[in-house]
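Student: Next come the chains, spelled out residue by residue.
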Amino acid sequence: MTFEEIYIQYSPKVYRLCMGYVNDPDQAKDLVQDTFIQVWDYLPGFRNESGVGTWVFTIATNTCLRQLKKEKKQVRTEMPLQLEEKPADTMDEQVAFLYKCIASLEENERLIISLVLEEVPQKQIADIIGISEGNIRVRIHRIKEKLSSIMKYHGQL
Amino acid sequence: MDNFDDLKKLWQQMPASDLPSAQEMNQKVHTYQRKMKQKYIISIAYLAATFIFIGIIGYFIEPVYATTRIGVVIIMGGIVMVIISQSKLISLLSNEKSEVTDSRQYLQQMIVYRKNLQRIQTTMMSFYFLLLSIGLGLYMFEFIMRMGMIPRIITASVTAIWIAFNWFYIRPKQIAKHQSKTNEMITQLEKVCGQFE
Numbered sequence: 001m002t003f004e005e006i007y008i009q010y011s012p013k014v015y016r017l018c019m020g021y022v023n024d025p026d027q028a029k030d031l032v033q034d035t036f037i038q039v040w041d042y043l044p045g046f047r048n049e050s051g052v053g054t055w056v057f058t059i060a061t062n063t064c065l066r067q068l069k070k071e072k073k074q075v076r077t078e079m080p081l082q083l084e085e086k087p088a089d090t091m092d093e094q095v096a097f098l099y100k101c102i103a104s105l106e107e108n109e110r111l112i113i114s115l116v117l118e119e120v121p122q123k124q125i126a127d128i129i130g131i132s133e134g135n136i137r138v139r140i141h142r143i144k145e146k147l148s149s150i151m152k153y154h155g156q157l
Numbered sequence: 001m002d003n004f005d006d007l008k009k010l011w012q013q014m015p016a017s018d019l020p021s022a023q024e025m026n027q028k029v030h031t032y033q034r035k036m037k038q039k040y041i042i043s044i045a046y047l048a049a050t051f052i053f054i055g056i057i058g059y060f061i062e063p064v065y066a067t068t069r070i071g072v073v074i075i076m077g078g079i080v081m082v083i084i085s086q087s088k089l090i091s092l093l094s095n096e097k098s099e100v101t102d103s104r105q106y107l108q109q110m111i112v113y114r115k116n117l118q119r120i121q122t123t124m125m126s127f128y129f130l131l132l133s134i135g136l137g138l139y140m141f142e143f144i145m146r147m148g149m150i151p152r153i154i155t156a157s158v159t160a161i162w163i164a165f166n167w168f169y170i171r172p173k174q175i176a177k178h179q180s181k182t183n184e185m186i187t188q189l190e191k192v193c194g195q196f197e
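Order-wise, the sequence lines are chains A and B.
Everything in the first sequence is counted per full-length UniProt numbering, starting at 1 for the first residue and increasing by one.
Everything in the second sequence is counted per full-length UniProt numbering, starting at 1 for the first residue and increasing by one.
It should be emphasised that the hints constitute simulated quantities derived from the structure, not laboratory data.
Each residue gets a CB set at the ideal place from its N, CA and C atoms; glycine is no exception.
Just to be clear, a hint being listed does not mean it is correct.
Subject to a maximum C-alpha distance of 27 Å in a straight line, what follows is the list of computed DSS-like cross-link-like pairs (lysine-lysine) [stated by the list, open to error]: (1) A:Lys152 to A:Lys100; (2) A:Lys144 to B:Lys8; (3) B:Lys173 to A:Lys29; (4) B:Lys39 to B:Lys28; (5) A:Lys100 to B:Lys191; (6) B:Lys191 to B:Lys181; (7) B:Lys37 to A:Lys29; (8) B:Lys9 to B:Lys115; (9) B:Lys177 to B:Lys191; (10) B:Lys39 to A:Lys146; (11) A:Lys146 to B:Lys181; (12) B:Lys35 to A:Lys123; (13) B:Lys8 to A:Lys123; (14) A:Lys144 to B:Lys177; (15) A:Lys146 to B:Lys8; (16) B:Lys191 to A:Lys144; (17) B:Lys35 to A:Lys29; (18) A:Lys29 to B:Lys181; (19) B:Lys115 to B:Lys28; (20) B:Lys37 to A:Lys123; (21) B:Lys8 to A:Lys29; (22) B:Lys35 to B:Lys181; (23) A:Lys146 to A:Lys100; (24) B:Lys9 to A:Lys146; (25) B:Lys39 to B:Lys191; (26) A:Lys146 to A:Lys123; (27) B:Lys8 to A:Lys152; (28) A:Lys29 to B:Lys177; (29) B:Lys37 to A:Lys100; (30) B:Lys191 to A:Lys146; (31) B:Lys181 to B:Lys115; (32) B:Lys173 to A:Lys152; (33) A:Lys100 to A:Lys29; (34) B:Lys115 to B:Lys191; (35) A:Lys100 to B:Lys8.
Covered stretches of chain B (chain A as the covering partner; in silico rule of three or more C-beta atoms under 8 Å from a C-beta of chain A) [to be verified]: (36) 7-14; (37) 105-116.
Calculated from the model, a selection of chain B residues having no Cβ within reach of chain A, i.e. all distances over 12 Å [as the list claims (entries may be wrong)]: (38) Leu19; (39) Ala22; (40) Val29.
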């Protein structure tokens, strides 16, 4: 796969992952750029063509985690207390609400649930995050419940 | 959660249309690489300028004692050391990108890296101030010896106070400045790393 092919296929997925993490379009775009600069750098040495998705998502999650140093500038709404009570009506509002709910989770939870929503198989998520498949299954279950309760609390489910 | 599939659909709705095109991203990558190269060239230019400056000083001052020249060389050595280590730090920082390892391992590597960086900065800063103090002391020696008793005592005292001020006030302040930044980052990294346990 060429750099362009990888970019075209994965940049929207990486963008959503980054949005799930920072919930800020400008920061998410910066993270996408940082991710693909690294993809470019590492691509000549990359051999495992079949695992390109896992590879790109691993670079993206690590880039998000490195984002910590800027996190103080991040305007992250604390959930659930500061979230508006009014249920989201339009599609855009619902999307924004979902991303806001995800951004209120802990850092590792945000990454894991974003990968689940991106339909990355559990085995691959375990490889990306670096914990066992059994452990990831339990975590996914807990995160889904947590997300569900946050959303229910605000009348979205 | 019964309607998790609905959430998946909603998740996919996030518009990603204003992302740069593949061609634009290609350009961004090249611009980034050019900037990195420029940073490296600038640090080399600083280094070259410092050497030229040493040369000029060596050419124009005509001291009687060898200690004066040695003092100048030691001071310049300290400055050169800082420039080299800073440019090395820049390259270390720019290489601070994810080796493609899993996130848990990556966080652990980052913590080790940051701790090493902190150690290097602290040691380098102390060594720099040590060289600066020795260099200044040796440089001033000749001028002090040429003076009468009272100016000699005054100049020697002022130099000693200046060295002490640098060592006991400026140096710890500089080290603390670096450390507080790095410590904050290490704390945050350790917090997230704990979430993976």
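Student: All hints are to be evaluated individually against the structure, with a verdict given for each.
Tutor: Against the structure, the hints:
Using a Cα cut-off of 27 Å, the hinted pair A:Lys152 and A:Lys100 holds, with the two alpha carbons roughly 14 Å apart. Restraint check: the Cα-Cα separation between A:Lys144 and B:Lys8 comes to about 12 Å, which is no more than 27 Å; the hinted pair holds. Restraint check for B:Lys173 and A:Lys29: not satisfied, since their Cα atoms lie roughly 37 Å apart, outside the 27 Å limit. With a C-alpha separation of about 17 Å, the suggested pair B:Lys39 and B:Lys28 falls inside the 27 Å cut-off, and the hint holds.
Our distance criterion of 27 Å between C-alpha atoms is met by A:Lys100 and B:Lys191, whose separation comes to about 22 Å. Taken as a hint, the B:Lys191 and B:Lys181 pair is honoured in the structure, with Cα atoms around 16 Å apart against an allowance of 27 Å. Distance check on the hinted pair: B:Lys37 and A:Lys29 sit about 23 Å apart at the alpha-carbon level, within 27 Å; holds. As the CA atoms of B:Lys9 and B:Lys115 are separated by approximately 43 Å, the hinted pair breaks the 27 Å bound.
Of the supplied pair hints, the one linking B:Lys177 and B:Lys191 holds, its CA atoms being roughly 22 Å apart against a limit of 27 Å. Our distance criterion of 27 Å between C-alpha atoms is broken by B:Lys39 and A:Lys146, whose separation comes to about 46 Å. Restraint check for A:Lys146 and B:Lys181: the C-alpha separation of about 33 Å exceeds 27 Å, so the hint is violated. At roughly 38 Å between alpha-carbon atoms, B:Lys35 and A:Lys123 are farther apart than 27 Å, so this suggested pair is violated.
At most 27 Å may separate the alpha-carbon atoms for a hinted pair to count; B:Lys8 and A:Lys123 meet this at roughly 19 Å. Distance check on the hinted pair: A:Lys144 and B:Lys177 sit about 42 Å apart at the alpha-carbon level, beyond 27 Å; violated. For the hint pairing A:Lys146 with B:Lys8, the CA-to-CA distance comes to about 16 Å; that is within 27 Å, so the pair holds. About 22 Å separates the Cα atoms of B:Lys191 and A:Lys144, which keeps this hinted pair within 27 Å; it holds.
Under the criterion of a C-alpha separation no larger than 27 Å, the hint pairing B:Lys35 with A:Lys29 is consistent with the structure, at around 19 Å. Our distance criterion of 27 Å between C-alpha atoms is met by A:Lys29 and B:Lys181, whose separation comes to about 25 Å. Between B:Lys115 and B:Lys28 the CA atoms are separated by roughly 31 Å; this puts the pair beyond 27 Å, and the hint is violated. With a C-alpha separation of about 39 Å, the suggested pair B:Lys37 and A:Lys123 falls outside the 27 Å cut-off, and the hint is violated.
The suggested pairing of B:Lys8 with A:Lys29 holds, with an alpha-carbon distance near 21 Å, which does not exceed 27 Å. For the hint pairing B:Lys35 with B:Lys181, the CA-to-CA distance comes to about 25 Å; that is within 27 Å, so the pair holds. At roughly 14 Å between alpha-carbon atoms, A:Lys146 and A:Lys100 fall within 27 Å of each other, so this suggested pair holds. Note on B:Lys9 and A:Lys146: the hinted pairing holds, with a Cα-Cα distance of about 19 Å set against a maximum of 27 Å.
For the suggested pair B:Lys39 and B:Lys191, the alpha carbons sit about 33 Å apart, so the restraint of at most 27 Å is broken. Between the alpha carbons of A:Lys146 and A:Lys123 the distance comes to roughly 22 Å, so the proposed pair stays at or under 27 Å and holds. With a C-alpha separation of about 17 Å, the suggested pair B:Lys8 and A:Lys152 falls inside the 27 Å cut-off, and the hint holds. Between A:Lys29 and B:Lys177 the alpha-carbon distance is near 31 Å, which puts this suggested pair outside the 27 Å criterion.
With a CA separation close to 39 Å, the supplied pair B:Lys37 and A:Lys100 exceeds the 27 Å bound. About 20 Å separates the Cα atoms of B:Lys191 and A:Lys146, which keeps this hinted pair within 27 Å; it holds. A hinted pair counts as satisfied when its Cα atoms are at most 27 Å apart, and B:Lys181 with B:Lys115 qualifies at roughly 12 Å. Taking the CA atoms of B:Lys173 and A:Lys152, the gap is about 51 Å. The hint is violated against a cut of 27 Å.
For a cut-off of 27 Å, the pair hint linking A:Lys100 to A:Lys29 stands: about 17 Å separates their Cα positions. Taking the CA atoms of B:Lys115 and B:Lys191, the gap is near 15 Å; set against the 27 Å cutoff, the hint holds. Distance hint between A:Lys100 and B:Lys8 is fulfilled; the C-alpha atoms sit about 15 Å from each other, no more than 27 Å. Only residues whose C-beta sits within less than 8 Å of a C-beta in chain A count toward coverage, and the stretch 7-14 of chain B has 7 of them, enough to reach three; the restraint holds.
Under the rule that three or more residues need a Cβ within less than 8 Å of chain A, the assignment of the stretch 105-116 of chain B holds, with 4 such residues. Annotated as non-interface, B:Leu19 brings its C-beta within 12 Å of a C-beta of chain A; the closest such distance is 5 Å. Listed as a non-interface residue, B:Ala22 fails to keep its Cβ farther than 12 Å from every Cβ of chain A; the least gap is roughly 4 Å. Its closest Cβ contact with chain A, about 5 Å, brings B:Val29 to no more than 12 Å, contrary to its assignment away from the interface.
The structure shown violates the earlier hints numbered 3, 8, 10, 11, 12, 14, 19, 20, 25, 28, 29, 32, 38, 39, 40.
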